[in-house]
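S.K.: Just so you know, the sequences run in chain order D and Y. Under the working numbering, the letters of the first sequence match residues 1 to 347, in that order. Under the working numbering, the letters of the second sequence match residues 1001 to 1406, in that order.
Since the hints were derived computationally from the structure, they do not count as laboratory data. Just so we're clear, the structure is a prediction, and the values are computed from it rather than from any experiment. Each residue gets a CB set at the ideal place from its N, CA and C atoms; glycine is no exception. Be careful, since some hints might not be right.
Cβ-to-Cβ under 8 angstroms is the rule here; a few derived chain D residues that face chain Y [unchecked claim]:
#: 1; residue: P15
#: 2; residue: Q58
#: 3; residue: G61
#: 4; residue: I66
The following residues of chain Y were derived to be distant from chain D, with all beta-carbon distances above 10 angstroms [stated by the list, open to error]:
#: 5; residue: T1017
#: 6; residue: H1043
#: 7; residue: Q1093
#: 8; residue: V1123
#: 9; residue: P1295
#: 10; residue: A1314
#: 11; residue: P1389
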Amino acid sequence: MWEYTDKVKDHFFNPRNAGAMTDANAVGEVGSLSCGDALKLMLKVNPETEVIEDAKFQTFGCGSAIASSSALTELVIGKTVDEARKLTNQDIAEFLGGLPPEKMHCSVMGQEALTAAVAAYKGEAIDEDDHEEGALICKCFGVDAGMIERAIRTNKLTTLEMVTFYTKAGGGCNSCREPLEELLADTNQAMVAEGLIKAEEAFIFGSAPVPQKKKKVTGFVIPDTPVAAPTGPAQPSAPVQIAMPAAPAAAPAAVAVAPAPAPAAPAGLSPAKEAILVAKLIDEMRPTFKRDGGDVELLDIEGNIVMVHLTGACSGCQLATQTLGGIQKIISEALGRPVRVIPVAKT
Amino acid sequence: MKDMTEVTPVYLDNNATTRVWPEVVEAMLPYFSEQFGNASSIHAFGSEVGGALREARRSLQALIGAEFDHEIIFTSGGTESNNTAIRSALQVQPGRNEVITSAVEHPAILSLVDWLEKHEGVVVHRIGVDKQGRLNLDEYREKLSDKTAVVSFMWANNETGTIFPVDGLAELAHRHGALFHCDAVQAVGKVPIDVKNTDIDMMSLSSHKLHGPKGLGALYLRKGTRFRPLQRGGHQERGRRGGTENAPAIVGLGKAAEMAMATMAADIARMSALRDKLEKGLVATVGHCFVTGDPLDRLPNTSTIAFEYIEGEAILLKLNQAGIAASSGSACTSGSLEPSHVLRAMDIPFTAAHGAIRFSLSRETTEEEIDRVLAVVPEIIAGLRVMSPFWSADGASPENFDPAYA
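All chains, please: the whole structure from these sequences, using the hints.
M.R.: Here you go:
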């Protein structure tokens, strides 16, 4: 069964503002019967102030669809129409304390209904509905088949690597490799038939290169680089590249990967300087998170505990632990001592 | 599940899995600790286990009416049995590369044949069903040919309980020289089976559907049927399935088979009476719902009721809150976005397929439990319908609701 947050359960079992509204002056209806969702959002907008005075919903859908609809009405009541149209599906998901990746489409439906209702109120035409449909392929990043196929087609993608770059699908645990290869091969085949790409460019199922295992950087693993002479203790945070010992003639040259130079921070920084360094590191990471629809913020440092606040896509993401692990690694390396990064709610 | 209330929960999801009977657990226990030997060993630790396995095999033989006990190959479950049977049948019949199956099979068959079709050059025919879930026999006859390697039809459907006339279907397959495999996972232990008097060559079953332990199944392989193992290894199961026998589980399945056999006639009568009471009660009190499947020939324990204008997962969550466990053909519970392939193959409209709830009873289901379901379901359905844009107070689908479907 799904792991719903208590807030989702609360809004499902005790939905706010459910039912029909007879005197609504802005109505948005969206849905997809094949996926079992349909939502009718009814708003009562004060024509003078443009404030949404009341909102009601009727939803045909699963638990999270009903909870998302309920959350949506709570979010829009009291807002002006212009304020309300700025709401995103992330706001709905965040209001509910996160949704399982398979259920994010429920929040998307809420946003679409709102857009439709506002457009109806303003007498505007609605943009073409680009609601993505299809089975969820990548569970880590919540990417479905429709979205992947569209990316493959519009960008003429023919390798798995490019599919991951464009859609993020397969960029996490990589368990979806087989269905992803299958989808890419099928789509490419169809594109060849339509004359969009050449036959020799098309991806053939099973032809993707073996995934490269990422080297785990931990203090307890013997590095598999050719070791000619005993090396000194590891200096992960050394700012300069360590000159590689002369490799034996037979050893392949490509394995000598130098660790990325991290900001210098030999052990023994004062707490204040450490804090500045950590803040700087996190600031440098933020653009990456923002690109994925989330954000991270440093709250406090206590001894070896670094407290951060994750928002947006990051907070409900199944990869949150992995993300935190990544931040932890970077900070530990920079400080030259182990730290624990833990997510904390902002008070 | 976490949301169970204080009341004793009512478990009506026995087609998903069943409770292992206490007697079964008791029979299994010594084979974890005292009788832990490997049945292949010469010493006393092993030989006693060998005897228990023989006995269990005979109990299962009796339950399915096999002529010989060596016609039973223990596997890890129904899925492995299905995979073994289909792949073996294709390998032993060079020159025949077609598989015939139905559109309503379990994924253990359908995703396998999808793969074979796409990547291994096998031609697959999926025979359709009518609105009651009954097989289209004309279409089946039409697809049979001397290219058919194997026909695989389920004995009973896991979602609707509809029973296929597998014996006759097997006879037709044999007229064209094809092998016949039957996925009987939902049927074994629930309806009488006498496989020796049928034309079935191979038949899959699963232990945990009949109050046995999980992780065990069996493949019935009629004596003389040519066979290629899926899993090669030691000489276990007469070289047809390598790997040390799961002795405790096999003993458990033997016990479960013995118990199913002992009370089957009475169980069938009681379960079908309770199921009928449930169906009649719900159809009478709820309205805008209907029973799916073949009313004349289906499992005694299975009832799938489609509630129109609402969605299955929402119903299940509310049922769970009321301490009732059932399952749904809804898209949202399965993680895919499509509703049940079985209900779609039966041409049941989307608005109803999404709201289909399967109640599957067991020998343990009581009348009090059915009464509790009858008491809470109408209110749950009414509550959700009030929230549905497809529903209006006068009980019909409102004409003016016209969402922009993506």
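S.K.: In ascending order, which of the hints set out earlier in this document are inconsistent with the structure?
M.R.: Those not satisfied are hints 10, 11.
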